[in-house]
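Novice: In case you want the letters, here they are:
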Amino acid sequence: MYSQGLIGADDKTAEDQAFLDAFQKRIDAEEKIEPNDPMPAAYRSTLIRMIGQHAHSEIVGMLPEGNWITRAPSLRRKVALLAKVQDEGGHGLYLYSAAETLGVSREQMTEELLSGKAKYSSIFNYPTPTWADIGTIGWLVDGAAIMNQVPLCRCSYGPYARAMIRVCKEESFHQRQGYELVQNLCAGTTEQKAMAQDSLNRWWWPSLMMFGPSDTDSQHSDLSMKWKIKRFTNDELRQKFVDATVPQAKLIGLSMPDADLKWNADKNNGQGGYDFGAIDWDEFWRVVKGHGMMNKDRIKARKKAWDDGAWVREAAQAYAKKQNTQVAAA
Amino acid sequence: MSNEQNMPLWEVFIRPRTGLHHKHVGSLHAADSTMAMHAARDVYTRREEGDSIWVVASSHIHASDPKRSGENFDPASDKVYRHPSFYDIPDEVGHM
Ligand SMILES: [Fe+2]
Ligand SMILES: [Fe+2]
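Quick note, the sequences are listed as chains X and P, same order. Taking my numbering, the leading residue of the first sequence gets 1, the next gets one more, and so forth. Taking my numbering, the leading residue of the second sequence gets 1001, the next gets one more, and so forth.
Treat the hints loosely; a few may be bogus.
DEER-style ranges, computed between Cβ atoms [stated by the list, open to error]:
no.: 1; chain 1: P; residue 1: Asp1042; chain 2: X; residue 2: Val327; range: 23 to 31 angstroms
no.: 2; chain 1: P; residue 1: Thr1018; chain 2: X; residue 2: Gly89; range: 26 to 34 angstroms
no.: 3; chain 1: X; residue 1: Ala310; chain 2: P; residue 2: Asn1072; range: 41 to 49 angstroms
no.: 4; chain 1: X; residue 1: Val327; chain 2: P; residue 2: Ser1077; range: 43 to 51 angstroms
no.: 5; chain 1: X; residue 1: Gly272; chain 2: P; residue 2: Ser1085; range: 43 to 51 angstroms
no.: 6; chain 1: P; residue 1: Arg1041; chain 2: X; residue 2: Thr325; range: 47 to 55 angstroms
Read the hints as simulated data drawn from the structure, not as lab findings. By construction, the Cβ of each residue, glycine as well, lies at the ideal position given by its N, Cα and C atoms.
With the hints as extra help, turn the sequences into a complete structure.
Specialist: Structure below.
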């Protein structure tokens, strides 16, 4: 995107204090940083890692839900699920494009995903054994994603912020269709309601883990906040998410699987909020490091899609080459 | 994978239904302009975002150099006489 010849040219910039101060001054003045602007190498590499992970998450995120497209119980649910999964594919593409403006290639990002070098959100390494999971994912997983993505619309890096604005416009239907689905199950038979509660029990804690390690353990948070890549810390966003979703669960007669969850009037500077139990960070790191229930299947599915599509990419490029030669000869 | 050629990059511009200018919306990879057009329709117009699409090979775009932003754009800031409010005319004239 934009003139790629210039990208990377600034990598050799001497990052003396004057350079870093000038950059910070632009950030503090809420100026957007654009692809060809001078930027510290660490700003560039942080964004490449962050946007890349985000893109991979959208793409891998199509798999758990895609699992239910052919088994959706009605046409209404099927068109909604198809449209949602298609949106996620689009989100992945917007984000890959944004990352490419920083000088990383699509091929390199794909290679890193397939080799396991690049990470994606831990949440997509959990299975979707029941139909209720499709509702819970829309409600909680897309809900958590929205909580995270809305502040990213104000990210200091222009292409990422612009991609996030498009994504956020499309996300709200994802969460609403999910909540509606869960709500319908809760208004159904005893078995249907039990299925919704069981699904919530399985997805609640992994959803809280989506916000990443606690602020006290997060190595990347400080610089990201200082450079206004992120506007809120992991724990701040997690708290907002808990406060938003607990009443939503209550409203449809579900309860979060957390005995320590209780209202605390003093929280959030006296506005009140929910205290919640301890997160199992061992589980989080286990899944991140590749030992979740579905890590192997997810990468296998992505690899199969890539390998099976090779002949299509080759044919398209051979055809384009032939057309170009014919035009040149005419 | 490494022996495959990289797919060319295309910039996508959409004209909204309201009839404003085509506006840059993002980019995508495709083998040729026809496939770029199809992909642009699928990726960037899922919600009636527009009624016309341009795709331009990214290699054809020439951008101004941010290092020369000063000399390029600063001179415009002291030319207030380019704006209508610089000129005094009697109130009785009304809107002009
Ligand atoms: Fe998404
Ligand atoms: Fe979504």
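Novice: Evaluate each hint against the coordinates.
Specialist: Checked hints:
A hinted range of 23 to 31 angstroms for the beta carbons of Asp1042 (chain P) and Val327 (chain X) is consistent with their spacing of about 26 angstroms. Under the hint 26 to 34 angstroms, the C-beta atoms of Thr1018 (chain P) and Gly89 (chain X), about 27 angstroms apart, fit the expected range. Between Ala310 (chain X) and Asn1072 (chain P) the beta carbons are some 45 angstroms apart, a value that agrees with the proposed interval 41 to 49 angstroms. In this structure the supplied range 43 to 51 angstroms holds for Val327 (chain X) paired with Ser1077 (chain P), their Cβ-Cβ distance being about 46 angstroms.
The hinted window of 43 to 51 angstroms between Gly272 (chain X) and Ser1085 (chain P) holds, with their beta carbons roughly 50 angstroms apart. One distance hint, 47 to 55 angstroms for the beta-carbon pair Arg1041 (chain P) and Thr325 (chain X), is violated here, with the actual separation near 27 angstroms.
Comparing the model with each earlier hint shows a violation of hint 6 alone; every other hint is respected.
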